[in-house]
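*Asks:* One letter stands for each residue in the lines below.
Protein chains: 2
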Amino acid sequence: MGGDGHPYAPADLHLPGFVPLQLSQGQILAPYLGTSVFVVLAVWLVSGRCGRLSKTDRLLMCQWAFTGLTHIMIEGPFVFTPDFFKKENPNFFDEVWKEYSKGDSRYVARDAATVTVEGITAVLEGPASLLAVYAIASRKSFSHILQFAVCLGQLYGCLVYFIAAYLDGFNFWVGPFYFWAYFIGANSFWIWIPTLIAIRSWKKICATFQAEKMANAE
Amino acid sequence: MGGDGHPYAPADLHLPGFVPLQLSQGQILAPYLGTSVFVVLAVWLVSGRCGRLSKTDRLLMCQWAFTGLTHIMIEGPFVFTPDFFKKENPNFFDEVWKEYSKGDSRYVARDAATVTVEGITAVLEGPASLLAVYAIASRKSFSHILQFAVCLGQLYGCLVYFIAAYLDGFNFWVGPFYFWAYFIGANSFWIWIPTLIAIRSWKKICATFQAEKMANAE
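Note that the protein sequences, when read in sequence, are chains A and B.
Number 88 in my numbering belongs to position 88 of the first sequence; there are no gaps in the numbering.
Number 310 in my numbering belongs to position 92 of the second sequence; there are no gaps in the numbering.
Check each hint, because a few of them may be wrong.
[Said to hold, decoys possible] Straight-line alpha carbon distances no greater than 27 Å define the calculated BS3-like cross-link-like pairs of lysine-lysine that follow:
id: 1; chain 1: A; residue 1: K204; chain 2: B; residue 2: K305
id: 2; chain 1: A; residue 1: K140; chain 2: B; residue 2: K273
id: 3; chain 1: A; residue 1: K55; chain 2: B; residue 2: K431
id: 4; chain 1: B; residue 1: K304; chain 2: A; residue 2: K204
id: 5; chain 1: A; residue 1: K213; chain 2: B; residue 2: K305
id: 6; chain 1: B; residue 1: K422; chain 2: B; residue 2: K358
id: 7; chain 1: A; residue 1: K140; chain 2: B; residue 2: K422
id: 8; chain 1: B; residue 1: K431; chain 2: A; residue 2: K203
id: 9; chain 1: B; residue 1: K431; chain 2: A; residue 2: K140
id: 10; chain 1: B; residue 1: K431; chain 2: A; residue 2: K204
id: 11; chain 1: A; residue 1: K213; chain 2: B; residue 2: K304
id: 12; chain 1: A; residue 1: K213; chain 2: A; residue 2: K140
id: 13; chain 1: B; residue 1: K421; chain 2: A; residue 2: K203
No lab work stands behind these hints, which were simulated from the structure alone.
Remember, it's a predicted structure, so these values are computed and weren't measured experimentally.
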């Protein structure tokens with residue numbers, strides 16, 4: 001237990017007015033995972049009725065809906081609620097970030113790099129992810145370049161997030177469980193999934209330019 | 219004049235071992251601008267002998283050569299020389315960053331967000347910019363998506379740079395001249411130029427997908 005009655009590391013982190021967590025890990029994870037599964041299933045089923053969409057496109061729509069809503073609904077409240085850890089009547093989203101801060105206390109400490117990356121993610125990448133759901137469904141010509149752009153933003157954000165943590169001392173977690181489950185585990189989805197989608201979109205774009213070149217050469 | 223004999227703001231910034239600037243502003247700017255003009259002219263002239271390259275493509279090659287070399291040669295040394303401000307025999311690049319720090323003391327203070335953005339810029343975007351020179355010259359099918367990717371990286375970096383400065387107190391310059399000339403002026407080139415190039419590449423990519431769609435519909 002650190003100073004000011006908070007559970008975070010490092011113990012000398014100063015958090016005047018900290019209000020202890022009221023929800024358990026299960027009470028926080030279950031609604032988030034439950035809602036996510038519901039969203040993914042709903043997008044999967046609805047996209048199946050659109051006709052002509054490949055399974056890969058439908059899977060991508062599920063991913064973009066999930067990640068877009070996470071950026072807006074989960075990361076958005078963190079960005080715009082600087083006092084979330086001292087609210088007397090915390091809501092679900094305040095509790096999410098008090099729990100996550102066990103894996104990275106820069107959240108509760110309002111570290112500038114962390115708030116900046118979360119701000120860009122919530123305000124720009126969140127809406128852009130939802131636009132990607134629409135772009136895939138309606139086969140827009142900007143579908144691949146949009147998906148590529150959002151993926152690159154997510155990857156750049158993760159790079160800043162991890163490198164800044166390293167430069168700032170790499171001591172923001174309560175213990176190995178929170179380091180691996182929250183700091184590494186939860187964030188890893190925003191590394192390998194955007195990497196795979198970015199490579200796919202890059203290849204599709206190159207292939208289209210290649211086909212155009214061939215057509216012009218004929 | 220701040221603490222430890224340094225000229226930076228805020229005055230309470232602690233910089234033990236600081237070695238004062240030995241070059242004047244002119245002695246720092248002239249070689250950088252001179253070399254940049256030389257590089258741009260050289261790329262312009264050589265690209266004119268390649269044949270078939272439009273003036274826009276040649277201009278873009280000049281820009282990518284200039285920005286790539288700036289990322290690698292100017293920003294690279296900053297990233298990998300943490301003690302640049304205390305070196306007894308500073309080289310040109312150490313002096314560049316001691317001068318620039320008058321417009322943003324987070325450089326000399328080794329602020330994590332600033333070093334992170336500069337690191338990504340020097341290590342990833344620098345070589346990628348030089349690759350863009352080659353990609354344009356040899357009309358590679360990945361030319362537009364590569365240029366778009368580097369532009370997005372530069373824009374994301376500028377966003378982090380400015381937003382983190384705002385969140386951290388926005389008090390890192392010696393006075394209005396250094397704020398406008400260094401912090402705003404010098405960085406503005408990495409906002410409006412990447413914005414223009416990114417929009418151009420986005421449009422080219424969409425047009426190519428549109429043309430493919432039309433061809434398939436025929």
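*Asks:* Of all the hints numbered above, which does this structure not satisfy? Sort the numbers upward.
*Replies:* 1, 2, 4, 5 and 11
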